[in-house]
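For chain A, the structure is supplied; the task is to place chain B on it using the hints.
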Amino acid sequence: MSAVVATAESDSHLIERVAGGDRDAFTELYRRFARPVLAMALRQLGDNGRAEEAAQETFAAVWRSARSYKADRGSASAWLYAVARHAIIDRARQRREPAVEVPEEASAEAGPDERAEGAWLAWRVHAALEQLPERERAVLELAYWSGLSQTEIASYLDVPLGTVKTRTRTGLARLAGLLEEVRP
Amino acid sequence: MKEPPELHELVGGDVPDEELARLREVDGLLRRVPPPPHEVPLSLTHAVEQVSAPRLPSRRRRLGLTLAFAALVAALAFGLGRWTEDDGFEEAWSVVLESTENAPAASAVVRVGEVDEESGNMELVLEVSGLEPLESDEFYALWLADEGEWAATCGYFSVGEGETTIRMSVSYDIRDFEAWAVSTGHPNDHPPPLLRAEIDAA
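Protein sequences appear in the order of chains A and B.
According to the working numbering, the first sequence is numbered sequentially starting from 43.
According to the working numbering, the second sequence is numbered sequentially starting from -2.
So that you can see chain A by itself, here it is in the shape it has in the complex (with noise of 0.2 Å):
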């Protein structure tokens, strides 16, 4: 089976549209990485209040900015995600929080690198999931994130066991496409 590629309208140029005040481009953004932005926004700063608060100030910001996006300097993924970043950065910064005392001891959990790695691979995949057909998403969210069986996944979705299988095969897939770039 190959893989199949998308042929939605390309990020770039929905924010090419976005920087001329195209509405309909921004809901369409809006459609394909509110998700992702939210994930981040939540595992950066743990609450949901505050998430919501940097993922709309993370649109505002495209709504703004989409003027100085240019194509020829990087993706467009990789340029919403920077401009989410940097909202989530911003959000954090307002915590009014004692700063955390240094560890003497050298620490078992992820460095800098490997979280900044960990949260580009996660906004990859995340935006890669939104473009799948829903039937497709759905099927591989409950699969790899929900703990069902793909027969209790089959019986939650009411549709027969083979057609998860077709589904998980599919949506993998066309996954292996959209991610090309990323895998090891």
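Bear in mind the hints are in silico, worked out from the structure with no lab data behind them.
Beta carbons: idealized from backbone N, C-alpha and C, even for Gly.
A couple of the hints might just be wrong.
To be verified - To spell it out: a stretch of chain A is covered by chain B in this simulated footprint if at least three of its residues, at any positions, have a beta carbon under 8 Å from a beta carbon of chain B; those stretches are:
#1 92 to 98
#2 180 to 194
Unchecked claim - Mimicking SDA-like on lysine to any residue, the simulated pairs with C-alpha atoms at most 20 Å apart in a straight line are:
#3 K(-1)/B / Y111/A
#4 K(-1)/B / G189/A
#5 K(-1)/B / V37/B
#6 K(-1)/B / A196/A
#7 K(-1)/B / S117/A
#8 K(-1)/B / S191/A
#9 K(-1)/B / T193/A
#10 K(-1)/B / A180/A
Said to hold, decoys possible - Residues from chain A that keep clear of chain B, each with C-beta distances beyond 12 Å, as calculated:
#11 E51
#12 S119
#13 A124
#14 R127
#15 P175
#16 V201
#17 T212
#18 G213
Just chain B, lined up with the frame of chain A:
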């Protein structure tokens, strides 16, 4: 939470080796990343809708003493020390919202920032207390009324116990409207205001 089943269980056993290898790489990525949020809150979608909403035409431009007086009263009521905050928000003026019979215990103040000359946006900080926390799928809204009707949304929010502070950004000219209002829900529901303040000739 249980680990997802092995890949061959997920996709069935009749997948050619070459394709299976390709799927395995994606399978590995999905196992490495955390789940995305189940859904995007309606409140966020509503708030983002307002980001690109067209500016409403200016209806009233009565600048003058009333605004200055209102700003002075607000400043005195809430302390001159709050005109400049250390969180990057620079307050230009503020207004007290009065509770209505629908929420007699509620109180709120809207602190209005300077208009950003480059973007045309203006920050608002809403400090509200005395509103009942709502169910997870419900939310409050701060909106601007014109001719008694919901004319523009500043933002949607939830509240906790005690005082809740919400930052918003709008591109409206506040002077185009006649009143601030806080209510539950959506403009289509025509909800009654819980808190309200006139924008008198501002």
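Unmet hints by their number, sorted upward, for this structure: 3, 5, 7, 17, 18
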